[in-house]
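S.K.: Work the whole structure out from these sequences, hints included.
Taken in order, these protein sequences are the chains called A and B.
Note that this note's numbering has the first sequence beginning at 1, numbered continuously upward.
Note that this note's numbering has the second sequence beginning at 1001, numbered continuously upward.
Hints are computed from structural coordinates only; laboratory data are not their basis.
Mixed in with the good hints there might be a few duds.
Where chain B lies over chain A, by a calculated footprint (3+ residues, C-beta under 8 Å) [unchecked claim]:
1. 41-51
2. 202-209
3. 213-223
The C-beta atom is built at its ideal place from N, Cα and C for all residues, glycine as well.
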Amino acid sequence: MAKKVALLQGNDACAQGALYAGCNFFGGYPITPSTEVAEVLSIELPKRGGKFIQMEDEIAAMASIIGASLTGQKVLTATSGPGVSLKQELIGYACIAEVPCVIINVMRGGPSTGMPTGPGQSDVQQAKWGTHGDHPVIALVPASVQEIFSETVRAFNLAEKYRMPVQVLYDEIVGHMRERIEFPEPGELEVINRTEPTVSPEDYKPFDPSFGDVPPLAAFGSEYRFHVTGLNKAADGFPTTKANLVDDEQRRQIRKVDGAQPEIELNEEYLTEDAEVIIFAYGSTSRSARYAVNEMRKEGIKVGLFRPITLWPFPEKRIAELGKQAKAIVVAELNLGQMNLEVERVTKGSCEVPFLGRVDGEPINPGQIIDQVKEVK
Amino acid sequence: MAYDYEKHIRPGKLPHIWCPGCGHGIIMKGMIRAFEACGLEKNNTAIISGIGCASRMTGYMDYNTLHTAHGRAAAFATGVKMAKPEMDVIVVGGDGDGTAIGGNHFIHACRRNIDMTYVIMNNSIYGMTGGQFSPCTPTGALASTTVYGNPDPTFDIAKLAIGAGATFVARGTAFHAAQIEKLVAEGIRHKGLAVIEILDDCPTTYGRRNKFRSVIDMMKRLKEIAVPVAAAAKMTPEQLEGKVLTGVLHKEERPEYTEQYAQVISRAKGA
Ligand SMILES: Cc1ncc(C[n+]2csc(CCOP(=O)(O)OP(=O)(O)O)c2C)c(N)n1
Ligand code: SF4
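M.R.: Structure below.
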């Protein structure tokens, strides 16, 4: 049977991916260049009995999806730089209270209001460090319209499976570009829902580590009744300042992602086997990088592309290996130096890490990347 | 007359953190009696609070409870109610939580007229952080950050709620314990956003600094300033000087938000 295909905008693909994943609640606040995600879902969710609410600001939007998620819904919000900054407080809340939710960040120039209609990739370290305190992080960085769809589905799966917020970051170029997309059939992509408790309501503890690093999550309004707080808490969900209990809980939360990294990590490698120079790029920049690789290969230059699709947790092991194989890993991104720091950290001086950044609202073009690669001695 | 509060309290979660003489406990008891009077079902009810001494109430109550972030309770609650309109949703918190950092969420919850009951425990101070002034601290009063007298004007929470569109607005005090139950129960039965402001005391951080010699003095003041709306109608402006109206201050019928959204769903499905 022929697949359903369409010419779709990235933000529309995000909304369609969310629906495919079973999203039934969206809370948002309009902001360029993410607004189309909200607009599409305001039309599509009520058709399916789902809920769309435009809240009074991004903090409220984040609060509304956490509240809705605790009633068992699959929830989404979408925003851009200024909105992501406002959401940080409650992203931390969703981390500590372990509430599944997906946050879309269509990246524009910054800081502050920056360049609303220009692309940026300067929120990638914020995705890891933006909210205070130690907490696990999962962030995905799709690079095409098709991938925005599939990564949005995967973001829901990871959020539900690991009981935590998952961020999807793509730059304005990918968000606003129109490309052909093939819609997966229902069942073709895996759709994961959270694990619900099976113990009796009296025995239910919302953070019970005896069920592993991801304890089952009940829903408000079900036969289970429980307490949720942003304070450090013990396994029963109630606040505690007992050092060992706080430590256990904090470490379990970090471990649930660290321990599952092989499952969460997703990268694409293009012509890296024999590469002497590897370009590290993600999102729209990786598209220029692929073009640059093809051009340079024609000239016989041994160059390849490493494209993280899961940005956090960072693909440490693989980058360390590539750092030993290659003379250099060129990092190209639309900021003034963010993921290059991570590449430098994990390669530990085993290769050069030249950096190519751009923050003028224009994409990095293949020619710039080629020049940078050719500078490697 | 022994009233069984304990069946609403989580086993093992008392004693509470509140200071001796704090009005928060009186308000919690009034709310419990109201829940009982309205027949709220524990599994079908969510109590949602912000951060502050008042907001700690959620930890004690044997319901679905959500202790959120400072000021954000109304926004979390909106998500819960919107997702599951069949649930009873109660919001609780302090004056600082609700009208300073949470002011934006507060007015928009009122505007939407979403069916929730918001109990604001107004002790006119930031109790938990040690007595800094709040938007409800009287002008001229002393707080840890206004040792020369508070220069700020004061919010009238009830007027704020009415102006923002809440369809049920009432005021009581921690002294008038029986009335708390009545007002909260009426708020729960009301379809739409009900705001119940309870004037409260914080002997520890407000009373001490503002020359109240004891908790009894603070309670006496609540008793003296409160004038029921019916009685106030017969009083002159001079007689009402320095008084505060109590009872149901405002009640109107207006479409409720989740019912409005149910219509959005049926229009979307029909389209
Ligand atoms: C974002 C944020 N800012 C500040 C605080 C510190 N803080 C905790 S409680 C509180 C004030 C509480 O006052 P109120 O809401 O009036 O309640 P009360 O303690 O008097 O019952 C403040 C400022 C915080 N927890 N979070
Ligand atoms: S500090 Fe004030 S508000 Fe807090 S518990 Fe003590 S008396 Fe109550």
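S.K.: State for each hint whether it applies.
M.R.: Against the structure, the hints come out as follows:
no., hint, verdict
1, 41-51, "holds (count 5)"
2, 202-209, "violated (count 0)"
3, 213-223, "holds (count 4)"
In this structure, the one hint that does not hold is number 2.
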